[in-house]
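So the protein sequences, as listed, match chains E and R.
3 is the number of the first residue of the first sequence in the numbering used here; add one for each residue after it.
6 is the number of the first residue of the second sequence in the numbering used here; add one for each residue after it.
Please note: incorrect hints may appear among the correct ones.
[To be verified] Okay, the calculated bits of chain E under chain R, using three or more residues with CB under 8 Å as the criterion:
1) 442–454
2) 563–576
3) 604–611
[Claimed, not checked] Below, in silico cross-link-like pairs of lysine to aspartate or glutamate (DMTMM-like), each with a Cα-Cα straight-line distance of 20 Å or less:
4) R:Lys117 x E:Glu432
5) E:Lys521 x E:Glu576
6) E:Lys621 x R:Glu44
7) E:Lys615 x R:Glu44
8) E:Lys619 x E:Glu576
9) E:Lys619 x R:Asp67
10) E:Lys619 x R:Glu44
11) E:Lys682 x E:Glu432
12) E:Lys615 x R:Glu74
13) R:Lys8 x R:Glu35
14) E:Lys621 x R:Asp67
15) E:Lys621 x R:Glu16
16) E:Lys619 x R:Glu47
17) E:Lys615 x R:Asp67
18) E:Lys572 x E:Asp531
19) E:Lys572 x R:Asp118
20) E:Lys572 x R:Glu74
21) R:Lys262 x R:Glu365
22) E:Lys521 x R:Asp132
I should point out that these hints are in silico values taken from the structure, not numbers from a laboratory.
Note that CB positions come from ideal geometry on N, CA and C, so glycine has one too.
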Amino acid sequence: MIAIGPDSRITLFNTAAERIFGWRAGEVLGCPVGVLMPAEVAPRHQEYVDSFFRCGRPNAAVDRTVELVARHRDGHEFPVELSLAADREGRYPFALAVVRDVTDRKKLEEAREAALRRQLGITELQRRLLAPAGLEEKLRDICDGVVRLFDADFCGIWLIRPGDLCERGCAHADAHGGPPACPGRQRCLHLLASAGRYTHANGPVHQRIPFGYWKVGQVVLDPTPSFLTNDPLNDPAIRDHAWAREFGLAAFAVHALRLRDGEPLGVLALFARHPISADEDAMLSGLTNTVSFVVQQSAAEAELRREHARTEQLLAAISSILIGLDGGDRITEWNRRAEAAFGIEAANALGRNLGECGIPWDCDPVMRGIRECRRRHEPVRVDDVRFRRRDGSDGYLGLTISVVGGDAGQGETPGLLVVGADITERRTLEAQLVQAQKLESIGQLAAGIAHEINTPTQFVGDNNRFLQDAFADIEKLLEGYARVAEAARAGTVPQELLAQVEEIAEEIDLAYLRAEIPKAIGQSLDGVDRVARIVRAMKEFSHPGSQEKQETDLNKAIETTITVARNEWKYVAEMVTDFDPALPPVPCLAGEFNQVVLNLITNAAHAIAAVVKDGAKEKGRITIRTRRDGDWAEVRVSDTGTGIPEAVRPRVFDPFFTTKGVGKGTGQGLAIARSVVVKKHGGTIDFETEMGKGTTFIIRLPITPQAGQAPEPDRDHEEAHSVC
Amino acid sequence: MKKRILFVDDEPNVLAGLQRMLRPLRGEWEVTFAQSGPEALEKLAAAPFDVVVSDMRMPGMDGAALLAEVRQRYPGTVRIVLSGHSDKEMILRSVGPAHQYLAKPCDAETLKDTISRACALRNLLADESLKQVIAQMPSLPSLPAVYAELTRTLNSPDASVQAVGRIIASDVGMTAKILQLVNSAFFGLRRHVSSPAEAAVLLGLETIKALVLSVQVFSEFRAAQLEGFSLEALWKHSLATGAGAKQLAADEKSDGKLVDCALMAGLLHDAGKLVLAAHLGPRYGQTIAAARERGLPLWQAERETLGTTHAEVGAYLLGLWGLPDPIVEAIAFHHEPGRCLAQSFGTLTAIHVADFLDHEMRPEACQTVPSPVDVAYLSRIGAADRLNRWRETFRSAAERRGG
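Looking at chain E on its own, in the form it has when it is part of the complex (with noise of 0.2 Å):
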């Protein structure tokens, strides 16, 4: 307590403010109150006292609390709060100040403010971490935080890095002398980070520090995660105290790094040159958790950043189309081969409903297989599915669309990945190879039929040439008649006219003439017709056919073939038809279904010269069955040859096996036969024997489209997806 009079002498001086002050009561009585003050705050302090105590102005520290700052006896400045009653009415003015030092409250506040501002610091560091960066920025941010926020000298952080190739000028390395492989690898914590006035310590020997080397390679090894001193002259656990003593170390804090099951992932030290309390320890502890968590993050991402581009790089590779569709068949994957094929940018694509994209494909059968292949959960085929390229023109795809992302939650439509391929250009070599394939046996008919038209060319041209000489003959004849008629009419006819006319027909043989003159026309009109039958049936035979199946008369398309083929059948093997009549025309491609019936044919004909040979036997015979039954139209080829023996029959089918000699045939006829029946119409093919016997082959063709198909999707799952 202190009181002053009006003359700012001060009046008043408990043992307080004995304590307080420094001075002594007797030393300060009467003394101005300013040399409790610091000197530059006396005289404002003065003229507020004269303006009080003379004018009666309202002083703002009266009744009040303040704080201010003093001025102890040996001059150090400390914080005090001074509370202020004046009287200046009564009979002895004065003005009371009730002092007390705050010195301690005030260094307890600073610390817990600057505690605070440390905590606000590094729950500030913390969030930034946790924002994406690269792993080196966030350590050098954390390191830097920490010496702006412990006021250290020194922060780093070292993690293990396995698999790093130390370099020869590894410190440790040398140190053993020896072969330069350093035995510290795997176990070696390396600097990746660091900040304060210290940095320029780092140099090899701190770059690297082995497991058990120093402090730093200690706490990873220590069960305990930090350890602190604060006396690192002297602590027995600092083992190297001159170079403490060089750096003039007040504290020496290393925080193990850790994953969450304990494993050591680096140290976090720090060193400063004041001594950090436990509360600061701590602080320290949690941010060195949150590194940890960091660095595991970072790795994390790293890792999924390199599946990611190894994904990336598999999906570019890929050559065919991919497109990804989630549950609700909207675009996740849309590969650079899609962009390419549809000329529709990834951009575009990715996040939009695959029917709204304008894909410039045929979308029914793509929706339908998209259906499909949901109901089923198994891979979809799609194929031919029309579309139209970049350049404009029309191309085929071939799609497979399957199921993908298995761990779909219940209830939870799946995923899927179409994966598609320009099949264009396979679908016309197939049609050619068709093409070809009909040609080849056109090819190899030819001989055969060049004799089946130059057979009737001979006898026609023979035949007319008799005729011409025939009638050149009776043309005397009827000279002679003609003599004769007239002589008639003159009246009579003289014998020796009529003898020589008798001499004209026997000189002609007029009696072979008339027999035969009919026959060689006859004849030369079949023979015409043949030629003529042999054209038609080949044009019918070779046209190319439409790529749509074609209402056929089955019955007329087989007498094509066998007409085509008679020259292959007709020295062996008698040929016997017997239709149905009342078979309705079936759906198909005529001249595929003619390829086939001809291979059967040939190989019929083959297997009977096989037993027949050289006239040693009668000939065969070859019978051509057909018969509607239900849904089905069946074709017999029978024939009396060798039969198929019992090791052959499982690879009858098989593409180019052949039991014929090199030249005849390349084993193809039986396996197109089966593709153009099973694949393209649907229908079975199969084939009795009997070894000795002879064999059949029976063919079966669906007579309406749907018999031979596999049903229709599901109707209930035809939602909005037609939409395209």
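Keeping the supplied structure of chain E fixed, place chain R upon it in accordance with the hints.
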């Protein structure tokens, strides 16, 4: 005496047509018909025939088999194939069992013509004087082996250029000679040929066959050493005639068959000289000398002294070997084309003219007086005006070859 001709075909209409068509010839030809191989053989057994004309494709025994039988049992019978196929049996034309090959449809003229000429040729080759000369020879060589194998292989299903190469390569001397020929200026190939297979590819199988046969024939008779007779000169002349004949035939737009025959016939047209030189030795030497002294073409001197000519002897040998009639005929008549009944340009024309032109171009190469060209014959076939053009073609081709 009427010629007896047997027609064989499984198609009755064909036979009926033939019968009607050939009726006008019933004065010269006695025509019989059979519908199958076995039936034909039965008829042959019952009475001899001069000519058998058969289809190729027949059920049971086919034409080739039938004619092989006929050749074996009745070698003097003319064998002709009349077939509805086009290319496939072309191969069988050379040294098959048939003398001639005709394709359906065959018109009456061609048929008559062919049969007549075949008969005429047989007559020629059955000539008594020729037979006598032949009888004096110890033995005639059989068809050279390599050529026989070549032909056999080419007739089979695995005919290929590689097969040809293999066969020729099996005879080292043959290979060397063939390659020498092929790489010579004679063929004017732009690149060096190093294997028979390659040669076959570049020149064609027919040409290779012709070369093989010629090489073998000449080597067969290399012992023929006579005064005034140079094997080397004959070889050169044969090559020139073969190449020239082929060129002429090609220029006349003849079909490939004819061109090939022209080459073969040209190469072998004087083979008869080899036979005579080898087997009659000194006597032939005298004939040659006589020809030179008297300024006669050799063939005339031959006829006078021997009763037959090298043309006929050569034709006989090749006929024996079964070479096709067009070649045999061309060789037989190459000095007397007028005796052949042909009415148009054929193999005979080609080698007759080529033979003449070569001698004309290189008179020093011919030991005796060259034989003049038969202008009357040329007129008959309507080619009298073409001789000059042929001469030019021949010369320019010869120059290109390096003479």
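Now the hints, each set against the structure:
1. 442–454: holds (count 4)
2. 563–576: holds (count 4)
3. 604–611: violated (count 0)
4. R:Lys117 x E:Glu432: With Cα atoms ~52 Å apart, Lys117 of chain R and Glu432 of chain E exceed 20 Å; violated.
5. E:Lys521 x E:Glu576: Roughly 26 Å separates the two Cα atoms, so the pair is violated.
6. E:Lys621 x R:Glu44: This hinted pair holds, its Cα atoms lying about 17 Å apart.
7. E:Lys615 x R:Glu44: Distance ~18 Å between Lys615 of chain E and Glu44 of chain R Cα, so the pair holds.
8. E:Lys619 x E:Glu576: holds, 13 Å
9. E:Lys619 x R:Asp67: OK: Lys619 of chain E and Asp67 of chain R at ~15 Å, within 20 Å.
10. E:Lys619 x R:Glu44: With a Cα-Cα distance of about 16 Å, the restraint between Lys619 of chain E and Glu44 of chain R holds, given a limit of 20 Å.
11. E:Lys682 x E:Glu432: holds, 12 Å
12. E:Lys615 x R:Glu74: Roughly 18 Å between the alpha carbons, so the hint for Lys615 of chain E and Glu74 of chain R holds.
13. R:Lys8 x R:Glu35: This hinted pair holds, its Cα atoms lying about 6 Å apart.
14. E:Lys621 x R:Asp67: holds, 14 Å
15. E:Lys621 x R:Glu16: holds, 16 Å
16. E:Lys619 x R:Glu47: Status holds; Cα separation ~19 Å.
17. E:Lys615 x R:Asp67: Within the cut-off at roughly 11 Å; holds.
18. E:Lys572 x E:Asp531: Holds, at roughly 18 Å.
19. E:Lys572 x R:Asp118: violated, 32 Å
20. E:Lys572 x R:Glu74: violated, 24 Å
21. R:Lys262 x R:Glu365: This hinted pair is violated, its Cα atoms lying about 27 Å apart.
22. E:Lys521 x R:Asp132: Violated, because 43 Å separates the two Cα atoms, which is more than 20 Å.
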